[in-house]
Each structure stands twice: as structure tokens, then as C-alpha cells.
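Put together the whole structure using the sequences plus the hints.
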Amino acid sequence: MAWQVSSTITGGEARTAAELEEFNHFAVVLERAAQDLESAASAWRVGGMEIDHHRACLPWCPAARGTAEPGHEAILYPALTESASDTVASFEALAGRFRSTGDLLMRAQSLYSEADATASRVVTELIQLGTSVFPGQTAAAAAGVSVVAGIVGSVREGRVNPIHMITGTSWAQEGLMSGLGAIVGGKGREVPLLGFGATNELNMGAGTVAKLTSKAYDLFQGNALQVTRVEPNRPFLEAPRSIADAMANLERLGMERLGRGEGGTGLDYGTIAIQRFSHADGTVSWLVTIPGTDGKLDSPFGWPQNVELMSDDPEQRMAADSARMVAEAMRRAGIGEHEEVALIGHSQGGIVAATLAADLADRYRFSHVVTCGSPVANHPIPSSTWVTSVENDDELVSNLDGARNPSRPTWVTVRGTVRPGAANADRPFSSATVEGANGGKELSHGMNYLRAAYRNASGLGSSALQSHERHFSAVVDGTLEETTYWRGRMSRTAAVAPGERGDVSVHGRK
Amino acid sequence: MNTTHLDPQRCRCHDTAPTTRQLVERLIARSEEALDHAQTAASHARTVTWSGSAAEHYRDTLSAAHAQAAGVREGLSATRRLAWG
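Protein chains in written order, with UniProt numbering: chain A, 1 to 510; chain B, 1 to 85.
Don't read these hints as lab results, they were simulated from the structure.
All of these numbers come straight from a predicted model, not from anything done at the bench.
Check the hints yourself; a few may be wrong.
Unchecked claim - Some chain A residues judged to face chain B by a derived CB distance under 8 angstroms, without partners named:
| # | residue |
| --- | --- |
| 1 | Gly47 |
| 2 | Ser90 |
| 3 | Phe91 |
Claimed, not checked - Stretches of chain A that chain B covers, calculated by requiring three or more beta carbons in the stretch to come under 8 angstroms of a beta carbon on chain B:
| # | region |
| --- | --- |
| 4 | 20-26 |
| 5 | 62-71 |
| 6 | 293-302 |
| 7 | 454-464 |
Backbone N, C-alpha and C define an ideal beta-carbon position, used for all residues, glycine too.
Here it is, written out as C-alpha cells:
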């Protein structure tokens, strides 16, 4: 089974009131036309039944049988009934065309998104309130909904697929995560309504948990970080010229370092890429590409590091092995404090990017951050840094921050909704087909799903997204001078392995 | 005893057909009004300030919808002919 993604866009530069009024006006015009046409279809549906009833009242008349005979009325009831049925279909098809055109206008101009974001925030806060006040009952209800979603989804798919238990509860995940964070972080024990205005409960909870998990994991993994510059066996990443190109590179590197890519580079887990660009005016800029969790036992990009990165404590965030590793690689690559830096990351890689942009803003000039499937809503990224976030509704990971991303002129979020089937060639902007997804329902956290979300969004001609594209492209449109690759490893000792090639630096946790 | 077989002038179709035709005319009048509104909406909505490939597709679709509405209108004429013979 193929899969497709349809995207909405939130944030970015606000429209003027006149622009909003114009788009809203036309959206209403098209929706009213669709409703008028649907109403006409309904009238013909009922009318067709009435005509058929008239026919049934004439059992002996040739007109009722569709035959014209002298002396009888020249009205051919069977053909008339069929014509009524065809007219219903014609009006419904026309109504559908008007509605889908109005939908395209609304999605391209983000008219859905602000209202949807507000409504979603209300649902999220209510679920968080319920979780904080009645944690046991809420957990039981959530489990029940999850089981039902799993059963319904599996029946529709025709096989048992537990993924539906996750994707079927995507509408509630932010609220549940937020409520859980409030409990773990101690905020749930206060008067619950005080949490209604906040959005960072999960980050507070993560900070509480990370105090224990980081120490425990250090005992197991060690906290000596070794950062090595590595050389691929052949040229690998090309110069990206757009956010879409950079996402493609991110996917390639992510797959390659886990042995699931093109192969032949020798790159393995715990590897990031740093690209240096030179510009005609003599300036230099950089792009840091950061794949996500690899889950290897001696990798700085293991699973427990995610918890530290989600903390509301900046020191704790920067103490995460993956953040330390990328920061060290950036230092070794020679990035100057006044040189523009763009970061792009998937999953944990995106959280690292948001952490660096938030906590090293006084050390580097972070111009643009692209996060793919990353829960970064509460990372305090300065408004001077542009952020482009790409998420899917039911991928779970992006909802782990318990909140929607900020909606501001310098932060745009592309949010995809995944549906079965390939994109309709007759409606090229309604959705994008996911490459390489031809099986049953899976979590849409993979880069192929996120790239499809971005591909659909970027085709809509949204001025907000176009503005972000131009801003990102300005960082990477120079001459690619060099691509360097950096690998991180964790150990209990600071000793460098014999025969280790390339530069090596070793750092313990502060 | 069924007399219609003998005398077509006494068939009930002469009572029922006018009712059917009135119904069809009412439906056609309502449909033409909806189609008028739809074609006006399609022409008007094309004037939105929006550029790019999605915007071009949007305008092309509205032009096609305008033409599609004209086709539905022709279908109504055919339906009328079926009612009136």
C-alpha cells in the first residue's frame, strides 16, 4: 500500500489584515458554492426517488416501462430516473472540485492552521489537566482508546498492526505527555489550573528524570567522549541548495551511518557532517547535518541522551553526550563566532540542533535551524534564529514536547497528515506520495515521510515558507569548500584507541 | 378491470405526468441557480492575489470547474427533454 502526506503550515511572517480578509473571502465563496452544489445534489436525490414513485404508480402504463405509445404521455420514466441519478453524481463531483480548490487555498495561505493550533492547544491543556488531576483514570482511558484504535486500524489494514495503537491516539499525545511531565516534574501536585497557561511541563519532567538516568547511564556507558574526524572512502554528501536538498542529505547520512544506505563510504554510527561554504563577499558560512538516535551502546546518540536534551535546565541539556559531541565537532571544524551557521537534524539530531541554538547563542551565530521530527517546542531558541520545523501528526516523537511549536515570524512549522494511497495526479498539490513506503501502517517519523510532508508544503506557494527557504538558501548558496565528517564514541576511560586515525579529542562530562 | 389497455386517454399517466414535469422544472430551476452561483464564484475566486505553481493550478482548476458547470447545465436540458418528450 502506498502512503501520501498532506501538509499545513503555521507560523512565519504574519499576513496583513487585508491579505487575510481577501483569502478568507475567497475561501468562503468557494465553500458556499460547494454547499449550494451539494444542496442541489440532495434535491435531485430526493427528486429522483419521487420520480421513481410516480413511475411505480403507473404499473400498466407503457411510459412507466420506458416505451412510447400513442395516446399515452411521452415521458420515459426509467430514463428520467437514471438521468436524475446521473445529475446527483454530476453535482457532487462539481461540489467536490470547489471544496478541494478552497482547501488548497486555505492550506497554502495557512488559513486552517492558526484556528487548528488554537483548538489543538485547548484539547491539549484539557487532557493535561485530566492527566494531572486523575492520572490513573486518564491512563486507563488512554490505554483503552489506544487498544480500540489498534483494533480498528488493524481491521482496516487487514492484518494485526500494533502501530495503529500509537497513530490512532496522535490527537491526545501532546496532552498526555504534558500531563505526565507535570506529574514527574512536580507541577502536577500544585493546583492543576496553574498549569493551564504553561507548555513546558514535559521539559520539567524530563529534567527530573534525567538527573537519575544520566548518572545511571554514565556508570554503564562511561562519560568520556571521544570525537574523531573521519574520512569517507569516497565523496558522499553534495552541496544542498535548499531545505529539501538538506533534508535529502540528512536522510542519506542517517541511513549510511547505520549500514542501510548506498554503502561504500565506511561511515558508521555516531557520525555527523559539517560543510563549509565560501561567498563572493569573502564571508564563510556553515551547515551542520545531525542524524538521529542510533541506539548503539557506545554512541553519544543513544536513547537515554534524548531525556537530557529535553530538560528545561540548559546546563543539563548541554551535558547530553550528543550535544557535547556536536559542539566539540563544531569547535574543531573551526567555525568562527561571527560566521553564519545553519543546523539541520532528525529526531534527536533536531533536539541537539535546538539545544545548541538555545544554549550556545552567545558563542555562535546560529542563523537557521531545521528540525525534522523533533520535539523542540519548548527549547528557548532566540527569535533572531530562524526555525523551520517539519513534523507529522501521528509520528509520536514530535508530540513528546507536549506542545505545539511557537508561531512567530521566524518560526515556521510544516505539519503533515498521513493517509493511505498514492497522491492523486489530478490534484497535484493536495498531497505528496511517500517514497519507499509500500507496506502497512508505520510510524511516520522516518525521513521519507517527513520529506514528503515538506515536499507537499513547499509546492503550495506559501509566502511564509518561501521566506524561510530564501533565508536558509542564503546560508548554503556559496561555494562548497569542504565537507568534514565527525564521529563520536563514549567510553569509561579517556584513553585513545591504538591506531586511531585522524584527530582525536577526548572530553569528560563537567 | 384494466381499461388503460383499451383506452389510452383514460390512463393515469395523464394525471401523473404533469406532477412529474412540475417536479423536474422545479429541480432544474434550483439547479440552474446553483450553477449560476458556482460559475460566478469560479470567475471571482480566480482573481485572488497569489502566485506560483500552486496558484496556477488553482486558477486552472477553477476554469475547469466553470466549464464543468456548463456541461452539467447541458445535462439538465437533456433531462428536461426526457420529461417533456
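Evaluated hints:
1. The beta carbon of Gly47/A comes within 5 angstroms of a beta carbon in chain B, closer than 8 angstroms, and the hint placing it at the interface holds.
2. Interface hint at Ser90/A: satisfied, since its Cβ lies 5 angstroms from the closest Cβ of chain B, which is below the 8 angstroms cut-off.
3. Given the 8 angstroms rule on beta carbons, the hint for Phe91/A holds: about 7 angstroms separates it from the nearest Cβ of chain B.
4. Requiring three or more residues with a Cβ within less than 8 angstroms of a Cβ of chain B, the coverage given for the region 20-26 of chain A holds, as 3 such residues are present.
5. Closer than 8 angstroms: that is the beta-carbon criterion, and the region 62-71 of chain A has 6 residues meeting it against chain B, so the requirement of 3 holds.
6. For the region 293-302 of chain A, the stated coverage by chain B is not satisfied: 0 residues place a CB nearer than 8 angstroms to a CB of that chain, which falls below the threshold of 3.
7. For the region 454-464 of chain A, the stated coverage by chain B holds: 3 residues have a C-beta nearer than 8 angstroms to a C-beta of that chain, and at least 3 were required.
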